[in-house]
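Participant: Below are the chains, spelled out letter by letter.
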Amino acid sequence: MIDPNTTEIMNLELDGTATEAQRKRLRHILETDAEARAHFEVLRALAGRLDAHPQLEPPSEMHPRIMAAIDAAPAPRAYREGGIGAWLSGILAPPRRRLVATFGLGLATGVFLLAAVQFGRSGFPEGFRGVDPSQVSGTLAPQIASELVASIPVPATEAGADGNVQVFQQGDETVAEVSFLSDSPVSWILEFDPARLAVTRVDAVRQGYFSVSPGQVHGLSIGQDPLKIVFDGRAEPVQSIVLKVVKDDRVVFERSARPNP
Amino acid sequence: MRAHDDAELVRGCLAGNQRSFETLVRKYEKPIYNVAFRMLRDPDDAMDVTQTVFVKAYEKLNLFDEKREFFSWIYRIAINESINFSKRSKRLDEYESGITAALAPTQEDQYSAEALTEEINRAIEMLKLDYRMVIVLKHFHDFSYQEMADVLGIPEKTVKSRLFSARQQLKEILSGRGVTR
Chain G
1 MIDPNTTEIM NLELDGTATE AQRKRLRHIL ETDAEARAHF EVLRALAGRL DAHPQLEPPS
61 EMHPRIMAAI DAAPAPRAYR EGGIGAWLSG ILAPPRRRLV ATFGLGLATG VFLLAAVQFG
121 RSGFPEGFRG VDPSQVSGTL APQIASELVA SIPVPATEAG ADGNVQVFQQ GDETVAEVSF
181 LSDSPVSWIL EFDPARLAVT RVDAVRQGYF SVSPGQVHGL SIGQDPLKIV FDGRAEPVQS
241 IVLKVVKDDR VVFERSARPN P
Chain H
1 MRAHDDAELV RGCLAGNQRS FETLVRKYEK PIYNVAFRML RDPDDAMDVT QTVFVKAYEK
61 LNLFDEKREF FSWIYRIAIN ESINFSKRSK RLDEYESGIT AALAPTQEDQ YSAEALTEEI
121 NRAIEMLKLD YRMVIVLKHF HDFSYQEMAD VLGIPEKTVK SRLFSARQQL KEILSGRGVT
181 R
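First to last, the protein sequences are chains G and H.
So for the first sequence, the working numbering puts the first residue at 1; every next one is plus one.
So for the second sequence, the working numbering puts the first residue at 1; every next one is plus one.
Chain G extracted, bound-state conformation (with noise of 0.2 angstroms):
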């Protein structure tokens, strides 16, 4: 029987990774013991061999499939509109793209019922059941030229879900879009400064619900799609501007804007 910190000495020499200190101990261990030097010959061959194994060529179809399903997708940009209308383009357009807008009105569907369940629950943060009519309306933002002035990158790794915050500026207006790659519902809140900024409409909030209160908005995502908040005011200095993300009742990230360099 090898003891599993002999084991780990192996598999670190196998990735280099070894230290000098474990090295020698390996090799005495390997001179002494055949037991151990057996299975590490084994192992050795085994990463060797996993190591040598030849990548696979993808089908030559694949390129053009990709790029054709590429040229169909909606473009990327810093600050785009989506909402109802792209959609609606999307099931107006050619087969590929309406099967995708089919597929993302049925998983929207699912997202909301899923949505209602959770909604209905008692444990249902209070804050997110009502939205002041008179703060907040939900038409789309008029397409004006924005200026990004600030963001926060969400790691994975702190906060459960890959996410940013980005700020833009368009005249006396300052728009936060806040945006997470994650299939499962995030909750958060943006806190500002209610001495400079006041939410004047949050657009686009198609998966997800928020509440809007002096100096902080919350919010649940529920799906991909950003939500964005404009504020009458301009954010100085934009570190003024914190996203808490929320797991389980406690903040698991914390994080203040960073101006755009």
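Calculated from the structure, these hints are not laboratory results.
Heads up, a few of these hints could be off.
To be verified - Here are the simulated DSSO-like pairs of lysine-lysine, each with C-alpha atoms no more than 27 angstroms apart in a straight line:
| # | chain 1 | residue 1 | chain 2 | residue 2 |
| --- | --- | --- | --- | --- |
| 1 | H | Lys157 | H | Lys171 |
| 2 | G | Lys24 | H | Lys56 |
| 3 | H | Lys56 | G | Lys247 |
Assemble chain H onto chain G, guided by the hints.
Facilitator: For chain H alone, coordinates are given in the frame of chain G:
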């Protein structure tokens, strides 16, 4: 091509230059296809997943954080898509019942290089997804522990533990099939 070139291509694409994205596709389509194939074991499924990965990356390019490596971002999408695809097609269940059968020794003691490659492929297929992922990333894509941790969203310590266990399990499967060297 280095990481900052990737970031430049991403910026070009976000500025409306689709050719920039095609360059990224050309650079990463083969490794992403290989990841998907190793995870799913079917060339058609791997091609479908590879397409989905690039379309998703294209649509979500504005979520890419330039401070991270593009390759680890797209590999992460590839791993997630492969897992989702695998779950949808219920191949995980097939795998779970696969190990016992694989442990039965074969009659042959000698293997040609081609047969050996095939045996190793089959042994990798028998690994559970968590283990298969680290073997694929380490040995077929030459990732470091840290890069694997970044792609898989797990601590480096867990990466090592999974990798060492995966190798041990591979060794046992291959030994069970009469492949000792």
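Participant: Are any of the numbered hints broken by this structure? If so, which, sorted upward?
Facilitator: 2
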